[in-house]
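If you read the sequences in order, they're chains L and R. Following our numbering, the numbering of the first sequence begins with 1 at its first residue and continues without gaps. Following our numbering, the numbering of the second sequence begins with 1001 at its first residue and continues without gaps.
Please keep in mind that the hints were generated in silico from the structure rather than gathered at the bench. We put the beta carbon where it would ideally sit given N, CA and C, even for glycine. A hint or two may mislead.
Distance condition first, Cα-Cα at most 20 Å in a straight line; then the derived SDA-like pairs of lysine to any residue [stated by the list, open to error]: (1) L:151 x R:1206; (2) R:1111 x L:464; (3) L:151 x R:1077; (4) L:151 x R:1064; (5) R:1064 x L:162; (6) L:351 x L:325.
So the derived list for chain L, only partly shown, Cβ under 10 Å to chain R, looks like this [to be verified]: (7) 101; (8) 151; (9) 156; (10) 178; (11) 403; (12) 406; (13) 412; (14) 436; (15) 440; (16) 446; (17) 450; (18) 478.
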Amino acid sequence: MRTPLLISLILLGSSTAAFAQANQQPAPAPPPDAPPAAPPPGNASPVPAAAAAGIPATPAPQTQAPGSHPEPASFPGAPPEVTEPASVIEVGVQRLPASAYPEYPLRGLKYSSLWLTFHGLQWPYMPSFRKGERFVIGLSGWGWIDTAYQKFAPWGPEPSIVENDKIKYWKQQARMLLRVTPTYALDRSTFIQGQVELVGTGDQTISRSDVGGADTDDLYLRAGQWNKWDVQVGRFEGWEVFHLGMGLDQNTFERKGAVGAGESEFNVPFYGVTDNQFRPGGPSGNLAVHVYPLPILRFELLGMAGYFSGPAYAGRPVAIVDLGWFKLKFGAEYQHVGAQLASDQTDITSKGLGGAVQFVLAPHVEFGFNGAQGTVWNIDANGRLNTKGSLTRTSFGGFLNVSNGNPRHPVLFGVGSMVTFNEDQFDAANPQNKYWLYQGFLAAQYVAQGVLYIKLVGGYSRGHWDLGGDTRTLIENEMYSVRLRFAFFF
Amino acid sequence: MRKASTRLGLVGLTLVALAATAHAQEAAPTATPTPVAATAAEPAPAPARRLQVGVSFLPMSLGKFDTGGPGTMMTSELAFAYGGALSVGYDVIPHLTVGLAPQVILHVTPKDDPSINANEIDAMARVAYSFPVAQGTALFVEVLPGYSLIKPNSGDLAKGFIIGGGAGAVMDMGDRFFVNLGAGYQVGWQSRKEGMMTIDVRTKFIRVALGVGARF
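Turn these sequences into a full structure, and let the hints guide you.
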């Protein structure tokens, strides 16, 4: 049962300085009473229409009619009644209703991994549902707790590496975030929106420059017109091209695959036009323009600037054709990292492109295929080619989700596979370093009350490293994992 | 002209509908007259489908391979193997299914000796009991006893008894079709003759099954 979080009502004058000025000339007449807010289209949420429109549950104090004066105090010595200027904006705090999550075109099977992806659609979608402006602070978020077992089973002709790689883990990882989305809707179409995701981190082996780990995910400002265009700046993710399915979730060990200590120098992260998709680290951020010329067609042009190992900039255009049952995605990207010092000749250029095709046969089946290839060309500080750091990365894979389509007791099964090939330029006269990683999973998920996702994921990963020059080093590794996730979306 | 054709279409459809009603009335038993309206209002009971046929993909992981004679047994790890299964079952009583589930496992290969590559054929029976947990969804436990043959790329055939067991969930995808996902363990006691000696060649796997099927 969703309970609307309509917490407070604050009246903000358009000029705070004028707030206490009882004698000030009142502002022009407010517009005639707006018609009652229509329920959001397709809103399955029990959030009342008034709440969805940002109207407080308790009636707002009446604003003063033009030309009138404060009523006299009812008793001697009482301060004159303070009246509000007419140009006020009601401020609501609201749990995001279902209408904030666009459902058209069909995103995917309900509660599936594809459904949890927005395919470039503008969200949280928080227009003014009545005539005039509206200011609402939307609250939403999600959290998950994973308990996982992971076992590596390496083999090969290098006994020292094999012994070091024979490891197993029991791990519990967690992450929860509260998403705060202040949205100022100038009218039904135009909006200004900010969003911050406040993160609580349960290890995930820390990072985001440590001491407590990540504290924010999204942190952006956006302005534009709903379903037409917007400009977004700050820290946020670019549109997804490569979809992995119900496993290999972000911030899990399963996603890293069978990369043990012995081959950690040759990590094999999948490549899915992902160099600039995820939120950039450090003092870096994005600026993106989104255009929606047709309901079924949308574009993102994302730019990034900031500092990684040196000054960095990037560009990443993505196009999505989305008919609901059929989705076609294509993306490309370019990233350059240079050096801060003039004498430093570091020059790292990454390029790539990829695409995905997805089918949603509601209410029971969805599936898709992905492919992407990228290159890295790495010149070191002395102007020489970093052969191990210059590589070609190729990933392809697919996923299949099936659902029972039961609205009360939704159960979904998912299966997915992905393989990534890397080949660097080391000792180019001989066969280069070549290594590949396969990652596959099976998943079963039950969703309770529409908000509590209980998911069991069994994973398998297999890695192969063929390294060195004349004398080759072969490393084989496998990783098995089981992970139980409890996730709460609110 | 368009109006006329629409009317003709409507008349045609009405006639077809009337004919269908008449046919339904004819089919109704005459000995016990039942009000037609009441019969039409009640949904037809779902036919009892007791026979089920399915196919499964079998990722076989964390395999072990015990080989040798008495006192000389050696265990080696198997590479990731994969296979497929066909299952045919019949609900002898509600929720209890008995049937056959033959399976083939490919790439039965020791990690430390990739030159050995065998295929395993398991002729298994399947007894499963399911517990409905929600409409169209059930959990099940299963036991799969059977007989196994291991055919290496070179050398003699090994054979012996095998048993598997596991648990999982089955989910209806409409009235007839279903999807199932299960996991368990299977262990074999296969052996082969080498002259007068009996050499054990036993396999063990964690058995995962992802399948689809239909009920008839």
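The hints, checked one at a time:
no.	hint	result
1	L:151 x R:1206	holds, 14 Å
2	R:1111 x L:464	holds, 13 Å
3	L:151 x R:1077	holds, 14 Å
4	L:151 x R:1064	holds, 15 Å
5	R:1064 x L:162	holds, 18 Å
6	L:351 x L:325	violated, 31 Å
7	101	violated, 25 Å
8	151	holds, 8 Å
9	156	holds, 9 Å
10	178	violated, 31 Å
11	403	holds, 8 Å
12	406	holds, 6 Å
13	412	holds, 8 Å
14	436	violated, 14 Å
15	440	holds, 8 Å
16	446	holds, 8 Å
17	450	violated, 14 Å
18	478	holds, 7 Å
Comparing the model with each numbered hint stated earlier shows that hints 6, 7, 10, 14, 17 do not hold.
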